[in-house]
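There are 2 protein chains.
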Amino acid sequence: MDIQNIGFIGLGLMGGSLSIALRELGNSYHFIGLDHNAEHAQKALQLGLVDEIVEDLDAISHCDVIFLSVPVDGIISIAQQFGSLKETCTLIDLGSTKEKISNSIPSEIRANFVTAHPMTGTEKFGPSAAVSHLYKNRVVVLCDMEKSGKHQQKVAKTLFTAIGMNLVYMDAKEHDRHAAYISHMPHALSYALANSVMKQEAKESILALAGGGFKDMSRIAKSSPNMWEDIFRQNKPNLLEAINTFQYELKKCQNMIEKEEWEALNAWMKDANSLHDIL
Amino acid sequence: MDIQNIGFIGLGLMGGSLSIALRELGNSYHFIGLDHNAEHAQKALQLGLVDEIVEDLDAISHCDVIFLSVPVDGIISIAQQFGSLKETCTLIDLGSTKEKISNSIPSEIRANFVTAHPMTGTEKFGPSAAVSHLYKNRVVVLCDMEKSGKHQQKVAKTLFTAIGMNLVYMDAKEHDRHAAYISHMPHALSYALANSVMKQEAKESILALAGGGFKDMSRIAKSSPNMWEDIFRQNKPNLLEAINTFQYELKKCQNMIEKEEWEALNAWMKDANSLHDIL
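Residue numbers (the numbering used here), protein chains in the order written: chain A, 143 to 421; chain B, 143 to 421.
Derived by calculation from the structure, the hints in this document are not laboratory data.
Please read all numbers here as calculations on a predicted model, not as lab measurements.
Among the clues, some could well be false.
[What the hints assert, rightly or not] Partial list, derived from the structure: chain B residues whose beta carbon lies under 10 angstroms from chain A: (1) 259; (2) 338; (3) 339; (4) 399.
[To be verified] Residues from chain A that face chain B, not an exhaustive set, calculated with beta carbons under 10 angstroms: (5) 316; (6) 331; (7) 349; (8) 367; (9) 404.
Where is the CB? At the ideal position from N, CA and C, for every residue including glycine.
Hey, can you work out the whole structure from these sequences and the hints?
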């Protein structure tokens, strides 16, 4: 497994943090970056996240490994633009939804492709947000791996393991349904919670009382609207199902409070406690 | 301001952590504890949270300061049981809702009483959960302070300031409404989120994907059902109003996704981002 040149398409939080983590492995990789946002590209170069910046796909397609960390629409569009790639090239996308990506990759490069979702992030974005520990001890979901070449499977597993990630395998359809519950719907809740308070006349006095619970629950409401608009769009049916499930549970809670069914409410809270036996 | 004996009625997370923080001030206070849970009382003694355990209110009522950190119903009931108290005795309750408490304190001891709500906690409970930093840099809301004696106001301000808290003043009614938004409703959301996932057949596979966002949002779903049943009961009308407000925002989000109004959704997310300009 000979890796020399690594390409990064998209130099934000995810791509930038990956570059730092791979650099820390101490191999003498050469990092090539591409970002349609010229400011981000220059910032990434300045921060040492990449060794050179290129302007188009042709100038990055000779790399041994190419990471795609741009919104899902961008990944799908870029996948169409690669012609053929050398047999040993591994393209790894880090998109937050997987089914549309997995199904849209042109057959000429399907074996080159590994479609992955690292379950990590922060509410910050852009190359300046990149940090070395973003991937460590986190799960990466590898989807539809039987469609990737043997070499590509090996490269992806080796690199993600080397930066300290735990590998989980899943088909893309299942991934998208699960991600709606564990990530996408919770983001919708956090945005809705933030807006619930922001619409109050006394919002400053309310926020003066914020403790750790509220801060934790509203943290991901800082996340990038552009990124999350894209994810919500890509995973619409699963997300709506997860929101419905949540609304059903909250309605149940509301009814028990209204009818003063305290014993049932207590039992429902105990059910929720049991999450942490698994998590 | 001469303080020698400090009483703690309720030796759980809140009372225990307060004892540690006050002990760290280096004064030679004598700590007297009372807890109807004999196991907790013994544990608190063993951990050095208190210097002695007593069995009834009479044996604690001579203290210079008495903290009441039991559920709200308990605070109200205990307040009725004190006869008269010495003029220099300061009773400080730490209940999570304030209006019912403030209105129910017998007039003979109203000046002795300070009704406070430290905006802090963890999802853990009991004396073993006590930690030294629980109160540091957190807000404590002091309610209806004009009803407390001058001496009692001074004692409460001095002690809370000494352990690193930031004082906020509010009337009890306003406090309860604000706390519903910033603390009580978010707990209902966290419980409902945990239950949404726990009801899924594939819950283990879903939870395998949990990243920081989900962990943050489900953390307070670990909280004590007994404690939160009590809070929900005490603050029913405000909590139901806050849940309604949240449901309206989530419904709005759901509608925009259903109708694919991506621009409006993006703007709604940007509104939520602005929370963090204030927080």
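Right, here's what the structure says about each hint:
Annotation: interface hint on residue 259 of chain B holds; nearest CB of chain A at approximately 8 angstroms, less than 10 angstroms. Given hint, residue 338 of chain B at the interface with chain A, holds; its Cβ is 5 angstroms from that chain's nearest Cβ, closer than 10 angstroms. At about 6 angstroms, the closest approach between the beta carbon of residue 339 of chain B and any beta carbon in chain A falls short of 10 angstroms, and the interface hint on this residue holds. For residue 399 of chain B, the shortest C-beta to C-beta distance to chain A is roughly 6 angstroms, which falls under 10 angstroms, so the interface hint holds.
Below 10 angstroms, beta-carbon pairs count as interface contacts, and residue 316 of chain A has one with chain B at about 7 angstroms; its hint therefore holds. Interface hint at residue 331 of chain A: satisfied, since its Cβ lies 6 angstroms from the closest Cβ of chain B, which is below the 10 angstroms cut-off. Interface hint status for residue 349 of chain A: upheld, as the beta-carbon distance to the closest one in chain B is roughly 5 angstroms, under 10 angstroms. Satisfaction of the interface hint for residue 367 of chain A is found here, the shortest Cβ-Cβ separation to chain B being roughly 4 angstroms, below the 10 angstroms cut-off.
Hint on residue 404 of chain A holds. Least Cβ distance to chain B is approximately 5 angstroms, under the 10 angstroms limit.
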